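Chains as they are written, first to last, in the working numbering: chain A, 144 to 371; chain B, 144 to 371.
Where hints are given, some of them may not hold.
Chain A side only, calculated, beta carbon under 7 angstroms to chain B, not exhaustive [said to hold, decoys possible]:
no.	residue
1	Val208
2	Asp211
3	Ala287
4	Lys297
Simulated from the structure, these hints should not be mistaken for laboratory data.
Here the structure is a predicted model, which means the values were calculated and not measured.
Where a beta carbon is used, it is the ideal one built from N, C-alpha and C, also for glycine.
Protein chains: 2
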Amino acid sequence: MSSAVKPAVVLLSGGLDSATVLAMARSQGYRCHALSVDYGQRSQAELQAARRVAAALGAAEHRVVRIDLGGFGGSALTDAAIDVPTAGVQAGVIPVTYVPARNTVLLSLALGWAEVLEAQHIFFGANAVDYSGYPDCRPAFIRAFESLANVATKMSIEGRRISVLAPLIDLSKADIIRAGAALGVDYALTVTCYQADDEGLACGVCDACRLRKAGFSAAGMADVTRYR
Amino acid sequence: MSSAVKPAVVLLSGGLDSATVLAMARSQGYRCHALSVDYGQRSQAELQAARRVAAALGAAEHRVVRIDLGGFGGSALTDAAIDVPTAGVQAGVIPVTYVPARNTVLLSLALGWAEVLEAQHIFFGANAVDYSGYPDCRPAFIRAFESLANVATKMSIEGRRISVLAPLIDLSKADIIRAGAALGVDYALTVTCYQADDEGLACGVCDACRLRKAGFSAAGMADVTRYR
Numbered sequence: 144m145s146s147a148v149k150p151a152v153v154l155l156s157g158g159l160d161s162a163t164v165l166a167m168a169r170s171q172g173y174r175c176h177a178l179s180v181d182y183g184q185r186s187q188a189e190l191q192a193a194r195r196v197a198a199a200l201g202a203a204e205h206r207v208v209r210i211d212l213g214g215f216g217g218s219a220l221t222d223a224a225i226d227v228p229t230a231g232v233q234a235g236v237i238p239v240t241y242v243p244a245r246n247t248v249l250l251s252l253a254l255g256w257a258e259v260l261e262a263q264h265i266f267f268g269a270n271a272v273d274y275s276g277y278p279d280c281r282p283a284f285i286r287a288f289e290s291l292a293n294v295a296t297k298m299s300i301e302g303r304r305i306s307v308l309a310p311l312i313d314l315s316k317a318d319i320i321r322a323g324a325a326l327g328v329d330y331a332l333t334v335t336c337y338q339a340d341d342e343g344l345a346c347g348v349c350d351a352c353r354l355r356k357a358g359f360s361a362a363g364m365a366d367v368t369r370y371r
Numbered sequence: 144m145s146s147a148v149k150p151a152v153v154l155l156s157g158g159l160d161s162a163t164v165l166a167m168a169r170s171q172g173y174r175c176h177a178l179s180v181d182y183g184q185r186s187q188a189e190l191q192a193a194r195r196v197a198a199a200l201g202a203a204e205h206r207v208v209r210i211d212l213g214g215f216g217g218s219a220l221t222d223a224a225i226d227v228p229t230a231g232v233q234a235g236v237i238p239v240t241y242v243p244a245r246n247t248v249l250l251s252l253a254l255g256w257a258e259v260l261e262a263q264h265i266f267f268g269a270n271a272v273d274y275s276g277y278p279d280c281r282p283a284f285i286r287a288f289e290s291l292a293n294v295a296t297k298m299s300i301e302g303r304r305i306s307v308l309a310p311l312i313d314l315s316k317a318d319i320i321r322a323g324a325a326l327g328v329d330y331a332l333t334v335t336c337y338q339a340d341d342e343g344l345a346c347g348v349c350d351a352c353r354l355r356k357a358g359f360s361a362a363g364m365a366d367v368t369r370y371r
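Generate coordinates for the entire structure from the input sequences, incorporating the hints supplied.
Here it is as structure tokens:
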């Protein structure tokens with residue numbers, strides 16, 4: 144099989160990071176199967192953004208899996224009773240926007256689809272900025288999931304190794320934006336805000352908006368985000 | 144906190160194995176939060192059985208999370224286009240009833256709920272008989288998931304260790320049935336068949352029915368399964 148047709152599953156949230164990862168995977172010649180997960184997050188505009196991004200960046204297909212993590216509660220992103228914070232991130236504190244075991248669930252679903260597709264590569268947009276607060280954005284987490292994937296699956300028993308690639312893990316938000324822009328990502332299509340409205344317009348004050356805004360500024364680029 | 148009120152998440156399919164695990168966890172004094180996952184499996188009767196078993200065995204609560212693994216295909220249990228085999232298991236061959244990454248997804252969901260509940264124990268009914276064919280029923284898989292859980296979560300960062308307990312892992316089906324019967328499990332409430340009908344009546348010929356039937360026989364007990 145030539146590298147030009149290697150299949151990969153790419154987790155695609157509709158945000159800035161995963162759009163960049165999809166562009167990177169495409170530029171490396173992967174046939175990209177984009178996967179979005181509707182886990183009851185506050186912002187449905189994110190999933191619509193994911194559809195636009197998948198089409199714009201040439202994903203071979205795009206699927207949305209629905210799952211009701213909101214039933215467990217415990218996060219401002221899935222529980223309407225918890226407010227999204229707007230006062231900025233604090234060092235050493237895990238924000239209430241953390242969704243319990245979210246990235247473990249997302250990668251598990253990606254692994255299931257990878258098995259069906261016989262894809263040995265899973266791309267995931269975890270990065271160093273998120274890592275400041277969320278346990279499941281750390282390099283140690285990515286390595287542990289990769290170890291799991293390599294005992295959990297039929298492919299691994301058959302000797303085909305599965306790789307979990309997190310190309311943004313050590314990049315700053317500015318580096319990510321520069322890399323994506325160089326690959327032609329139109330960030331106006333993406334939605335990062337934790338509480339975007341139905342049209343995908345951003346609040347400008349939640350942690351996700353703050354990190355994104357600072358990223359454009361540090362990259363010396365115009366912020367193309369559509370604010371309300 | 145006394146051991147009598149320690150919370151645990153117990154994965155409950157409605158089958159014989161997980162019913163036994165719930166009885167074991169209860170007998171050890173855990174407050175049991177039973178979790179069933181509707182992953183598009185052929186047999187909806189299994190989920191109804193899970194509800195009956197959770198009530199009969201004193202679970203503190205029972206939740207069903209819906210997720211559409213059927214959208215990925217690749218298994219006789221989620222894809223109506225693939226027949227459930229009835230000719231018996233073959234050594235060294237992974238059956239088409241294997242659902243890609245299923246147990247990884249189930250444990251990920253259990254982990255998410257455990258975080259919300261601050262439960263440090265997850266009970267899971269993987270066992271040695273299933274292990275003959277499925278990669279994600281092996282002891283190495285359980286250990287790898289436990290390692291992942293202990294880097295993936297807010298609890299683990301805070302120094303509270305998470306244990307994934309698979310008390311059936313080394314037991315034969317006959318041992319499981321004997322242990323459950325001694326704890327008062329009414330196996331007539333459980334549904335094991337891969338293609339049970341809407342009333343939960345079993346086919347008697349699929350691999351799951353064969354293993355269950357042989358288990359009652361080897362335990363020297365009457366088979367209480369309701370066949371059609």
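Do the hints match the structure? See the list:
1. Val208: 6 angstroms, holds
2. Asp211: It holds, given that the least Cβ distance between A:Asp211 and chain B is near 6 angstroms, below 7 angstroms.
3. Ala287: 4 angstroms, holds
4. Lys297: Holds, about 5 angstroms.
Comparing the model with each earlier hint shows no violations; every hint is respected.
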